[in-house]
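A.B. asks: Now for the letters of each chain:
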Amino acid sequence: MRSFKRSNFFPLKKKYDVNNLLDLLDGKIIDNNIHKNFEINDVSSLTQLRNNSIIFLEKDYNNQKIKSLNIHVITNKLSNKEYYKNITLVDNLNHNYNKLLNDLFNHDDQIGFNDEYNFVNGSHISKFSKIDNSCQIGKNCVISRGVEIGKNCIIKNNVVIKNAIIHNDVVISDNTSIGTTGFGFNFKIRGSKHLNPQVGIVIIDENVHLGANCTIDRGKIDVTLIGKNSMIDNMVHIAHNVILGKNACIAAQTGISGSVLIGDNVTIGGQVGLAGHIIIGDNVVIAAKSGVTKNIKDNSVVAGFPAIDINEWKKNIVINRRNGR
Amino acid sequence: MRSFKRSNFFPLKKKYDVNNLLDLLDGKIIDNNIHKNFEINDVSSLTQLRNNSIIFLEKDYNNQKIKSLNIHVITNKLSNKEYYKNITLVDNLNHNYNKLLNDLFNHDDQIGFNDEYNFVNGSHISKFSKIDNSCQIGKNCVISRGVEIGKNCIIKNNVVIKNAIIHNDVVISDNTSIGTTGFGFNFKIRGSKHLNPQVGIVIIDENVHLGANCTIDRGKIDVTLIGKNSMIDNMVHIAHNVILGKNACIAAQTGISGSVLIGDNVTIGGQVGLAGHIIIGDNVVIAAKSGVTKNIKDNSVVAGFPAIDINEWKKNIVINRRNGR
Amino acid sequence: MRSFKRSNFFPLKKKYDVNNLLDLLDGKIIDNNIHKNFEINDVSSLTQLRNNSIIFLEKDYNNQKIKSLNIHVITNKLSNKEYYKNITLVDNLNHNYNKLLNDLFNHDDQIGFNDEYNFVNGSHISKFSKIDNSCQIGKNCVISRGVEIGKNCIIKNNVVIKNAIIHNDVVISDNTSIGTTGFGFNFKIRGSKHLNPQVGIVIIDENVHLGANCTIDRGKIDVTLIGKNSMIDNMVHIAHNVILGKNACIAAQTGISGSVLIGDNVTIGGQVGLAGHIIIGDNVVIAAKSGVTKNIKDNSVVAGFPAIDINEWKKNIVINRRNGR
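If you read the sequences in order, they're chains A, B and C.
When we follow my numbering, the leftmost residue of the first sequence carries the number 517, and every step to the right adds one.
When we follow my numbering, the leftmost residue of the second sequence carries the number 517, and every step to the right adds one.
When we follow my numbering, the leftmost residue of the third sequence carries the number 517, and every step to the right adds one.
The set of hints was computed from the structure by calculation and includes no laboratory data.
All C-beta atoms in this analysis are idealised placements derived from N, C-alpha and C, irrespective of residue type, glycine included.
Keep in mind that the hints are not guaranteed to be accurate.
[Stated by the list, open to error] Here are the computed lysine-lysine pairs in the DSSO-like style, where the Cα-Cα straight-line distance is at most 30 Å:
id : chain 1 : residue 1 : chain 2 : residue 2
1  : A       : Lys830    : B       : Lys830
2  : C       : Lys704    : B       : Lys830
3  : B       : Lys704    : A       : Lys667
4  : A       : Lys575    : A       : Lys593
5  : C       : Lys544    : C       : Lys593
6  : C       : Lys583    : C       : Lys530
7  : B       : Lys813    : B       : Lys830
8  : C       : Lys593    : B       : Lys830
9  : B       : Lys810    : C       : Lys704
10 : C       : Lys646    : A       : Lys709
11 : C       : Lys810    : B       : Lys831
12 : C       : Lys709    : B       : Lys831
13 : B       : Lys552    : B       : Lys529
14 : C       : Lys601    : C       : Lys530
15 : C       : Lys581    : C       : Lys544
16 : C       : Lys709    : B       : Lys667
[Stated by the list, open to error] Residues on chain B that point at chain C, a partial pick, calculated with CB under 7 Å:
id : residue
17 : Gly543
18 : Lys544
19 : Asn723
20 : Thr809
Extracted from the complex, chain A is given alone in its bound form (with noise of 0.2 Å):
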């Protein structure tokens, strides 16, 4: 379900080996260990290992997985380079994941990455997407590049669709943008020129309706995914990596932060914020206006903000009133 071939979506600038890559780093090499070269055309995470690939590492692991694999890891924290088939060891890691990303990959917040479009019934339509027969598209919609839609998709008017897959019975309502750019940047140096190179894409499984004016962004390097038999309310956001399982339902205007995990049949209610790479369990329930910033367990019902159980948090607000008196 979480796979995809990334240069469907983001062309390759060109090829590189190991010894090309080295070239393209800025700051000082602090340390290199090159056991072999091998072609790169592709970028991994940790939870998505890819061979051919480069991996960008904050910590130190022991991961015999990305040694099985042809992969060139890059890191700002090293304690034994044999826990790598090849290591650089650099200043800047950050810097550095701009530098190689964009180096490597073609994507819409780069000068210069053009698609090709045919003009069908009043939407553009990628030569490069590949859009089932019996979809319906309403007008002024764009999908772009690598874009794949299944069977019986509606897509309304003025929607946005990039670097996503889509799989049948999806409506997806007007004025919403789908793929668009995670807010993945560094603290310390920002403007657009800055923000971390968004390389994955969304997934949608089969048969979730979103609804007006949502926006999803893309996976950084892997997906964002929206769970089987979801429906999703206007206005409601969902950042960069952020996978929600099946039979989710979330009213308008909620918004989930980056990398947020949420399990199946999860009922979330109006303008609800989640903070970024928390776990939400199987059916949970959050209520309406909740600012939920920590894990919360399966079957939990949550309510306020910082969001508790919900029986706590209406014992709490009686409580609050009588002090007032």
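Could you slot chains B and C onto chain A? The hints should help.
C.D. replies: Relative to chain A, chains B and C alone:
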């Protein structure tokens, strides 16, 4: 103000009489009492009964008005068959609502419902819409079947208007979506194919200003109504069946849940959320970021979440801070 | 950085001199003192005085700079006629602001103001805009009269840009609306026809990243400014007259009310709301979901609603929970 001809927006798929409809029902027909056969070409709600229609009732009513019209009742609770002229008792009301409405009407969440458009000055205008010549329409708009727009309206750019009647002197700003699908579903059976068909419309009365990137969902069976002289800021979401009175002033990023009834002359701050099915009186002021969970009486000023009298809210803040020291 | 030629965006309807303008005033002219006749072709604010302009003042100032220029003052409070070269005392200042501005300038909330566009590669580009050749513009965009876009900008798809000057290396993501109408009105007389004409612009400095489905309203008379190197996530709303410093980082679904002044290097979480007319210092951090109601000093870290020092906020949460047990 709230009447409209449904088939202007949602063309009948074919004509049905009572017997045809019964054949379409899914699941067990528990009981049935048919006094009269008639053509069914519409759907009623308790708010607005329509002749030659079907109505779905979750409770049992002795409603003389229903009895006086050609209305076929489908219900999951029945104490007295003689309350109505025609009645069918089913075991799965929500599913049969979906089934019958999808069988009766074309709507934009169904594959196969195509409008016919003219491309006029950069926007797509349905051949079955009526737009006064005095209106000004920007680029990349979509104005769909049945839509009526009165005099001197300004529709800016990239606006989508479906299933709506718009009176004189209305301004609708860029990237706003009108007449989108209400978020109506069965909690137990999720996914795009199981959303409740929404076959009502949006009515926007005269002299309304709508900001940019807003969404206004159409009514489920009846209307979502924006009262005259209302001013609505950017990114405001108004759900299905909301009735907003005259002279409303609503700041940015506020969301109004389904079936909320709002009186005249209300002022609502930014990022406010209103829970579904509540009633807000005339002249109410709701402070920014409030979460309103209950009915609010005329002339109240409320704040906080859950929203309470603003003076009590302010007092609580002072006391809770003092406790915190 | 904040200067612009108003008529590039809002063409003068006709030329007026002081006497013409007086004839256009509605309601009672209570007092009047005209020392000099001159052509009026612009409007001033106290922030930026312009020669040959009109200014609307709610208070009485002895402003030598006003006196030194060809400025005609319209006010509803006057203690000394000799403060200004030309002054008119009226009984309905807000209404006359609307009347005179609508008479002087064309703007996009008026019927009859049409731009002329070329259709270029899927987008509508005003004949009166200036876009550097190095820019990349997606599909279904609208770029209107007077807009200037610097080098190497990326304007994605379905973006609307009106009344704006955009510097180099700016990225604007899909479905975003720039230069939209500020939410300026008289609480007592509501409706689209009575909104205050907004004849300022948006200036976006270099190297700014704007997310998808954002809205940035133009200034009322002067500018809404986005400082250089700022990074703004999806669905952020920035109201009229906001001045945002350099290097801002603003997460998704945050809303900034009108006339807020924000220093450099601020970091603002998601779903934050800022009340109008407040001042936020340099290096301020505002936690997600905060509601900021007052000025915030340099280097502060705040949270909650109303936002307070984040440590105090955290302490209060612990204590209130303990009270709740």
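A.B. asks: Now, for every hint given, state plainly whether the structure supports it.
C.D. replies: Hints, one by one, checked against the model:
1. Lys830/A <-> Lys830/B: holds (19 Å)
2. Lys704/C <-> Lys830/B: holds (26 Å)
3. Lys704/B <-> Lys667/A: Roughly 24 Å between the alpha carbons, so the hint for lysine 704/B and lysine 667/A holds.
4. Lys575/A <-> Lys593/A: Holds. Lysine 575/A to lysine 593/A sits at ~6 Å (cutoff 30 Å).
5. Lys544/C <-> Lys593/C: Holds: lysine 544/C and lysine 593/C sit about 14 Å apart, inside 30 Å.
6. Lys583/C <-> Lys530/C: holds (25 Å)
7. Lys813/B <-> Lys830/B: holds (19 Å)
8. Lys593/C <-> Lys830/B: Given pair lysine 593/C, lysine 830/B is violated - Cα atoms ~34 Å apart, limit 30 Å.
9. Lys810/B <-> Lys704/C: holds (27 Å)
10. Lys646/C <-> Lys709/A: holds (22 Å)
11. Lys810/C <-> Lys831/B: At roughly 17 Å apart (the allowed maximum being 30 Å), lysine 831/B and lysine 810/C satisfy the hint.
12. Lys709/C <-> Lys831/B: Not OK: lysine 709/C and lysine 831/B at ~39 Å, beyond 30 Å, violated.
13. Lys552/B <-> Lys529/B: holds (23 Å)
14. Lys601/C <-> Lys530/C: Given pair lysine 601/C, lysine 530/C holds - Cα atoms ~23 Å apart, limit 30 Å.
15. Lys581/C <-> Lys544/C: holds (28 Å)
16. Lys709/C <-> Lys667/B: The given pair, whose Cα atoms are some 13 Å apart, holds under the 30 Å limit.
17. Gly543: Violated, about 41 Å.
18. Lys544: violated (45 Å)
19. Asn723: holds (4 Å)
20. Thr809: violated (16 Å)
Checked against the numbered hints above, the structure violates hints 8, 12, 17, 18, 20; every other hint is satisfied.
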